[in-house]
Every structure is written in structure tokens, then in C-alpha cells.
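Student: Going down the list, the sequences are from chains Y and P.
The first sequence runs 79 to 467 under this note's numbering.
The second sequence runs 4 to 136 under this note's numbering.
Accuracy of the hints is not assured; some may be wrong.
Claimed, not checked - Keeping only pairs whose Cα atoms sit at most 30 Å apart, straight-line, the calculated DSBU-like set for lysine-lysine is:
| id | chain 1 | residue 1 | chain 2 | residue 2 |
| --- | --- | --- | --- | --- |
| 1 | P | 113 | Y | 372 |
| 2 | P | 106 | P | 24 |
| 3 | Y | 230 | Y | 185 |
| 4 | Y | 185 | Y | 204 |
| 5 | P | 119 | Y | 372 |
| 6 | P | 24 | P | 113 |
| 7 | P | 92 | P | 14 |
| 8 | P | 28 | Y | 454 |
| 9 | Y | 103 | Y | 121 |
| 10 | Y | 254 | Y | 405 |
| 11 | Y | 432 | P | 59 |
| 12 | Y | 372 | P | 106 |
| 13 | P | 93 | Y | 372 |
| 14 | P | 59 | Y | 230 |
| 15 | P | 106 | P | 87 |
| 16 | P | 87 | Y | 347 |
Simulated from the structure, these hints should not be mistaken for lab results.
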Amino acid sequence: MWYFSSPFLVFGEDALDYLTQLKMKRVFIVTDKVIREVGFVEKVEQKLKDLPYEIFDEVEPDPSLETVQKGAELCQEFAPDFIIGIGGGSVMDTGKGIWFLYENPDKPIDSINPFTYYENFPSKAKYVAIPTTSGTGADVTWAIVLTDTAQKRKITPASRQIVASISIIDPAFAQKMPPALTAGTGLDALTHAIEGYCAMWRNDFSDAFTIKAVDFIFKYLTRAYQDGNDKEAREKMHNAASMAGLAFGNSQATFAHSIGHSIGALFHKSHGNCVGMALPYVMEFTRNNGAGIKEKLADIGRRALLLTGSDDEVSEELILKVRALIKDIEAPATIPELGISQEDFEAQLPTLIKYTSEDSCISMTNPMPNDDQIEKAYRYMWDGQRIDF
Amino acid sequence: MVMYMSDEWAKEYCKVLSKSKAYNKAAETWEGDFIFEAEQEDGTVTRLYIDLWHGKCRGAYEITEETEQPTPEFVMSGPYSNWKLVAEKKLDPIQGLMTGKFKLKGDMAKVMRATKAAIEMVNAIVGVPDTEF
Numbered sequence: 079m080w081y082f083s084s085p086f087l088v089f090g091e092d093a094l095d096y097l098t099q100l101k102m103k104r105v106f107i108v109t110d111k112v113i114r115e116v117g118f119v120e121k122v123e124q125k126l127k128d129l130p131y132e133i134f135d136e137v138e139p140d141p142s143l144e145t146v147q148k149g150a151e152l153c154q155e156f157a158p159d160f161i162i163g164i165g166g167g168s169v170m171d172t173g174k175g176i177w178f179l180y181e182n183p184d185k186p187i188d189s190i191n192p193f194t195y196y197e198n199f200p201s202k203a204k205y206v207a208i209p210t211t212s213g214t215g216a217d218v219t220w221a222i223v224l225t226d227t228a229q230k231r232k233i234t235p236a237s238r239q240i241v242a243s244i245s246i247i248d249p250a251f252a253q254k255m256p257p258a259l260t261a262g263t264g265l266d267a268l269t270h271a272i273e274g275y276c277a278m279w280r281n282d283f284s285d286a287f288t289i290k291a292v293d294f295i296f297k298y299l300t301r302a303y304q305d306g307n308d309k310e311a312r313e314k315m316h317n318a319a320s321m322a323g324l325a326f327g328n329s330q331a332t333f334a335h336s337i338g339h340s341i342g343a344l345f346h347k348s349h350g351n352c353v354g355m356a357l358p359y360v361m362e363f364t365r366n367n368g369a370g371i372k373e374k375l376a377d378i379g380r381r382a383l384l385l386t387g388s389d390d391e392v393s394e395e396l397i398l399k400v401r402a403l404i405k406d407i408e409a410p411a412t413i414p415e416l417g418i419s420q421e422d423f424e425a426q427l428p429t430l431i432k433y434t435s436e437d438s439c440i441s442m443t444n445p446m447p448n449d450d451q452i453e454k455a456y457r458y459m460w461d462g463q464r465i466d467f
Numbered sequence: 004m005v006m007y008m009s010d011e012w013a014k015e016y017c018k019v020l021s022k023s024k025a026y027n028k029a030a031e032t033w034e035g036d037f038i039f040e041a042e043q044e045d046g047t048v049t050r051l052y053i054d055l056w057h058g059k060c061r062g063a064y065e066i067t068e069e070t071e072q073p074t075p076e077f078v079m080s081g082p083y084s085n086w087k088l089v090a091e092k093k094l095d096p097i098q099g100l101m102t103g104k105f106k107l108k109g110d111m112a113k114v115m116r117a118t119k120a121a122i123e124m125v126n127a128i129v130g131v132p133d134t135e136f
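Please model the complete structure; the sequences and the hints are all you need to start from.
Tutor: Encoded structure:
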């Protein structure tokens, strides 16, 4: 027995209009200042017309536990029946956290776990997630990535009950993404899709979303990167991001995410760039060491990219195609290209290894790397050397 | 041969855990004891106490009327048939917890921070030699 969790999905051109069909009374909007400045919040406000609403726009990149707590307190005072999170992954995750605390004020955010059933949740409000980037998949997943600022590390409370009630996947919001953000978020989506296919909890339903997501990402990411006004590419990438989110959200992410979370927590680098940089190295490591992973990677190559040949040949070609895509969209392919100095890297390497080793995604990796392998992988990612162990 | 989920098995499991370098490392900061509770088909319940501390197993035994009655930090319970599936590596216990095949009482957030140690605990279950079901 296993489950597949998903919000009600509204997608395509003018999907935002769906807000006018919802019977809302009071709306609490969670966002950040950039999203507000570019006019996206205003688009939502226009759909709300005369409804009372309040905006919490204090979400920061790598949102903290304190931000969620503050938003939840304001939400509690306002008492909405709908919460809308509009923004990137940080905003949508913060929205989930605020929603949970609004409904469960007596429970600390870091106590959220997948083994507990929260009675009568949700009962006060529905949560609508509106992604403005094409990559995080946070609109459809049931984890929250937050930063514990005191410990300087990321935590990922998770429960199937905190998956958004509705996800509005409107490609209009993706049009304004600059090329670097398009590249980073697109690689995040690719990492979700491929890791989701190789994770310990992969299943028939998550596999289906991986294949279509990988197909779309290879067809459309470079186009969206090169021409932000390419509407078809933007729409397909926006859909691909949520598909990849459904894939990994229901099967879990693995080693590349453990690396991404650790680098992100210590160096505050873009999540998409970090996991995208790590992806081909992790594909190589798991292909070389994980039972059945070479076959799974070959399966992705055949089904999504119509590659032909033996498992060895197709899995290798898929990895080379990932490396080529990273190059095509001018994304970082090594740790130095993330903008980390050798001095800082060496100084933080023991902590990077510790954080990676303790990250929840590591246990979903086939095989789970030990500390020596993690260190070696970091050194290969520093040198840009292909993983040969 | 040792009978799975028996007192003898618990003691062997404790040795395997303590000898496992992977578990020693993964659980080096773990402090917390467990009861594994297995409901047999005939309705009887077997309860094993496992005392875990900084990557080592400090002791384990089957709880009976004659033994101490510990109040551990965590109690993981489920039918014997599901425990058997775990030992045969046919059921991931975390998935088992999420789908109601097992129940866990205790500080869930603490467990969530120790998933790697939990996996090594399962690997050690599989590692007990000559287990009979």
C-alpha cells in the first residue's frame, strides 16, 4: 500500500481566473517583496475584488522558522478562510507553514511529521499555492523547507496533510523570470524528476510524472532560457515543474538534494543551481553503486528522450545530456562556479559532510553514501571531475 | 537459530547494532530507548526493550512479568507479520509507519532527524544471523 498526494490542479492560460470561482470570504496572502513589486500580487488582488484581504510580504529567501511564526500570528488575527501563497518555493513553503500553524497553534512547526494524523486539519482555511517560478514544485509537495537560523541548517517538516488544497499553475507568472532564474529553477525541476525516479520510494504513479517532466525539460528549458517570451516553452516548463514536483513529492528526492540543502544552508546559494550542479555527479555515483539505478536511468533516457542502446550506453548518454544542458543554459557545473572560494569550501567541508549525511533525503538514496563517499563526491564536484567510484 | 522477536533474538540484535560501524556513526548523537511491540496472530503481544545510546545498544531483552517494566521514549508496534516483512527487507518501516502498518509513539520530530540511524537499525535487523520465523 502506498499513497499519491496532489492538490487540485488548475493550469494553463488564465488559470488565475479560477480564484473568482472560489467561494472565499477572507483571504490572507503570503508573498515576498519582489513578487509584490513586479505586480503579481496586484493580479491576485484584482481577482479578489471587494473581499477583505491582508498581505504578508515578509518572506525571505531560505525562510526562517521565525518568519513562519510571525506570519502565522498575523494570520491568526485576521482569521481567513483562504490562504494564498504566491511566489517561489520559499513563499509557497512559508504559506504551508503558516496554514499549519493557523490551524494547529499549539503545535510547533518542527514537530510536523508524516506519521501523525492531525485531527480536523484543515478546518479553518484552504491553501491555494500559485507558483511564479518553474522549478520548485512546492505548489504540489507536502514538505516545507525552512531554515533554522540558530543552527544554520535547513529542516524539512513534512506531512501529507500540508499539501496545498489547490495549485494554480498559470504560465503568465513565469514570463518575467530572468534567464539565470529560468536556468536554476529548471534544473531544480530536472533534479526532482530524475531523483524521484531513482528514490527508494519511487512508484508507478511518480514514475509517470518523471517521464513527461524530463521530456518537457529537455525540449523547452533551453528555449525558455534563450527567449523568455517563448510562451509555449514557458507554459510547458511551468507544467513540467509541477509534474516533477508530483514525481519527487510522492517518491522523495535523494543525494543531490542533500548536497543542495547543505550548500544552500552554509553558503546561501540558489537551491536550483546547487542541486542542478550536483545532479550529474549523483547520477554517476548512484549508477555506479546502486542496485538497478543504471537500468532506471536508461529507462528515463529511452522513454523521455527516445535514446537507444544498451543500459550502459543510454544511462551514460542521459548523464552527458544533463551535463550538456547545464552548459547550454550557462548554469554552474562545479562548486567553484557556484561562487564559493577554495578557502571557504575547505573550511566548511566537514560541516558540509555532516549536514549532507544528516539530511533526510540521503536516506532515500540508492545506495545511501557513507561519509567517505560524501567527502569524495564534494571533492569531485570541486574539481569538476566525473564520478568514477 | 534464534526465534525472531524473542529474548534471545533481542540480545543478538543488540550485539549486531553495537558492532555495526554504519549504525555507530549514524546514531552517534542518538539518546533514546525503544520498545518493539509485535502482535502475534493468536492475540498475544511480544515486547522487546532496546536501550540505545550514542551509537551503541546498551542492552535488550524481552519484557515479561519477571523483568523490569521500562517506560521508554519510543514504542513502535505492529503485527508480527509486518515485523517479519521488515526483517525480510520487503517492507520499509518508515513507509510502514506512514501507511499505518506500524504505529510509533514518542517524539516524532526527534525520529525525523534520525532517519539514517533508523535505516541502519533496520539493516541490523536483517543482519541478525540464523533468524528463524
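Student: All the hints need checking, so say for each whether the structure fits it.
Tutor: Hints, one by one, checked against the model:
no.	hint	verdict
1	P:113 <-> Y:372	violated, 34 Å
2	P:106 <-> P:24	holds, 28 Å
3	Y:230 <-> Y:185	holds, 22 Å
4	Y:185 <-> Y:204	holds, 19 Å
5	P:119 <-> Y:372	holds, 24 Å
6	P:24 <-> P:113	holds, 22 Å
7	P:92 <-> P:14	holds, 20 Å
8	P:28 <-> Y:454	holds, 18 Å
9	Y:103 <-> Y:121	holds, 18 Å
10	Y:254 <-> Y:405	holds, 22 Å
11	Y:432 <-> P:59	holds, 19 Å
12	Y:372 <-> P:106	violated, 35 Å
13	P:93 <-> Y:372	holds, 22 Å
14	P:59 <-> Y:230	holds, 28 Å
15	P:106 <-> P:87	holds, 15 Å
16	P:87 <-> Y:347	violated, 45 Å
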